[in-house]
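Protein chains: 2
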Amino acid sequence: MTPAGSFEPFAKNAADSVGAWGESRLIASIRGWLGSISPRAPFGIGDDCAVLPASAGPQLITVDPVIFGRHFDAGVPARAVGAKLLKRNLSDLAAMGGQPTAAVLALTLDRRVDCRWLESFYRGLAAAARKFGVPIVGGDVAQADGVLAASLTLLGTAAGPRVVTRTGARRGDTIWVTGVLGGSLASGHHYRFTPRLAEGAWLARQPDVRAMMDLSDGLAKDLHALTPRGNRAALVEAALPRRRRVGTAAALTDGEDYELVFALAAKTDRAAFARAWDRAFPRTPVTEVGTFVAADRTVPGTLDLSAYQGYEHLR
Amino acid sequence: MTPAGSFEPFAKNAADSVGAWGESRLIASIRGWLGSISPRAPFGIGDDCAVLPASAGPQLITVDPVIFGRHFDAGVPARAVGAKLLKRNLSDLAAMGGQPTAAVLALTLDRRVDCRWLESFYRGLAAAARKFGVPIVGGDVAQADGVLAASLTLLGTAAGPRVVTRTGARRGDTIWVTGVLGGSLASGHHYRFTPRLAEGAWLARQPDVRAMMDLSDGLAKDLHALTPRGNRAALVEAALPRRRRVGTAAALTDGEDYELVFALAAKTDRAAFARAWDRAFPRTPVTEVGTFVAADRTVPGTLDLSAYQGYEHLR
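Chains L and W are the protein sequences, given in the same order. So for the first sequence, the numbering used here puts the first residue at 1; every next one is plus one. So for the second sequence, the numbering used here puts the first residue at 1; every next one is plus one.
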């Protein structure tokens with residue numbers, strides 16, 4: 001859509017840089033860019049800590065970053081980078097059936113970063129925060145040469161009576177995924193996606209959903225965390241929902257799907273489950289892709305996942 | 001104490017580097033290094049989010065990083081860097097009269113970082129977390145070239161019936177600081193300090209303590225946030241408690257004191273207050289250093305703070 005390089009985060013003109021602005025002007029500007037989604041101190045930015053109301057029940061907490069050169073480049077609009085930072089954390093919350101309550105942001109940047117880039121980043125973050133109802137209550141800005149990275153810590157609570165973890169699937173449970181898989185980077189899905197908060201909350205209310213997680217490093221890798229000990233995931237290749245022009249390997253190993261994968265109890269009436277889903281989410285596909293079977297059992301026509309590696313960090 | 005450069009965080013031998021280990025081995029190792037201070041999933045590392053118990057009352061949240069080249073260098077032991085990361089966040093909590101409940105850590109590192117350095121860092125963090133009773137419930141590890149940075153988000157609650165903010169000082173209130181000021185970098189105080197949690201909790205229980213904060217950028221700069229509008233801080237130079245061989249300018253402008261500064265109501269019996277403090281904290285000095293006066297009032301023998309600038313970030 002946009003030519004690569006058109007959202008360059010480093011200032012051509014030194015006067016536009018973070019270093020030229022300095023800390024006081026920058027912090028005051030950030031408050032303005034965040035606007036009403038950033039409460040007044042002590043409930044938001046401006047004191048040693050932010051004060052949050054007591055939680056209504058058990059809480060959820062997660063932290064994920066966006067880093068220039070890893071999670072975005074100059075081809076991604078700065079507004080979308082800010083939104084992506086919040087949305088990838090919301091996806092983790094969705095994966096447990098949670099809803100957000102507050103977020104804090106730690107920014108690490110080179111002094112050459114362009115303040116106009118930063119304004120768009122914060123405005124994009126604020127717009128997403130307003131959309132999903134997440135107050136941005138605190139933050140920190142620190143300088144480091146050659147870096148542009150932001151880390152967001154998200155707090156939440158269970159949206160319903162229960163939190164769904166990665167543990168709980170059993171042999172015979174069927175494996176389901178939301179949406180379509182693969183090609184996230186090429187398609188721009190990696191920053192345009194909508195976190196599956198409503199879907200995750202709905203799934204957490206179904207007692208037959210036994211375990212759930214979100215897909216960030218590809219189904220082949222991520223599924224290991226959902227697979228009960230002594231079992232393996234027998235996936236049906238033809239069943240895998242894919243983005244256009246995405247092959248099997250990419251559907252299984254591309255990162256940043258930000259979809260949900262969950263285990264449905266073997267006894268469940270799957271047709272009734274799928275109908276209930278379609279009524280609740282007519283625009284979000286859900287697909288049965290396989291079953292957990294004994295690790296030593298061969299199932300004709302299913303994929304050997306050990307042949308596929310997901311995204312491996314730090315390599 | 002230790003020769004500069006002896007705690008080099010980048011691996012001489014590539015086999016010892018984060019890149020050689022890869023994500024899976026590193027994450028498993030981190031769990032081992034953190035040990036019992038890192039609860040099992042879903043209450044700690046290992047699911048999409050960590051599950052925390054409901055809070056007993058209003059909560060406090062803060063985030064602060066340590067960055068190689070800014071907050072530490074190869075002269076600081078890796079264990080001390082891990083401890084410092086937690087302690088600087090605890091200092092923010094102390095400044096409001098809080099006590100910690102949980103922390104999450106976001107690490108951003110170059111793949112050349114030495115895994116033995118990282119082990120010491122995490123062991124130092126874990127030791128400090130055990131000492132101060134802070135479960136490390138979650139985290140993220142991400143790769144970025146040329147970077148070694150860690151950002152910790154700390155959750156807490158009020159230790160007593162009230163939280164003390166930066167707002168609330170009035171004209172005539174006296175200004176007090178804990179400990180001694182200045183020379184933090186040269187003396188190693190910047191990583192050897194003990195956060196003033198007990199002191200902050202005690203001060204929050206004194207109704208006459210009207211406003212409080214911790215000192216990170218030097219008293220001259222930080223005091224602005226405590227000074228009521230239309231007033232200025234009249235400080236008595238001779239009263240300033242200093243580390244050995246620290247002059248007035250350094251006492252006022254050096255960063256990373258990690259001491260508390262607070263405003264005590266004008267009507268308070270200061271001698272009785274100082275006696276009560278000494279009984280509670282016989283080993284921590286507390287010193288009256290000045291008074292808030294009308295902005296246009298000149299007080300003979302007091303310092304003109306506008307002549308001193310604290311640590312300015314991003315420049």
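Keep in mind the hints are simulated off the structure, nothing from the lab. Check each hint, because a few of them may be wrong.
Because identical chains cannot be distinguished in the list, a pair is counted as satisfied if it fits within a single copy or across any two copies.
As the list claims (entries may be wrong) - Cross-link-like lysine to any residue pairs, in silico, SDA-like; alpha carbons within 25 Å at most:
1. K131 / D16
2. K131 / R192
3. K267 / F132
4. K12 / Q206
5. K267 / G301
6. K12 / E312
7. K131 / V246
Hint-by-hint comparison with the structure:
Neither within a single protomer nor between protomers do K131 and D16 lie at most 25 Å apart by alpha-carbon distance, with minima of 29 Å and 45 Å respectively. In this homomeric assembly, K131 and R192 come within 25 Å of each other (Cα to Cα) only inside a single copy, at 14 Å, whereas the closest approach across copies is 44 Å. Proximity of K267 and F132 under a CA criterion of 25 Å is satisfied in neither setting, with 35 Å inside one chain copy and 48 Å between copies. When the C-alpha separation of K12 and Q206 is checked against a cutoff of 25 Å, the pair qualifies neither within a copy, at 53 Å, nor between copies, at 53 Å.
Taking the shortest alpha-carbon separations for K267 and G301, only the intra-copy value of 23 Å comes in at or below 25 Å, while the best inter-copy value is 83 Å. For a Cα distance limit of 25 Å, the shortest separation of K12 from E312 across copies, 23 Å, qualifies, whereas the shortest one inside one copy, 34 Å, does not. Within a single copy, K131 and V246 get their C-alpha atoms no closer than 31 Å, and across copies no closer than 51 Å, so neither meets the 25 Å cut-off.
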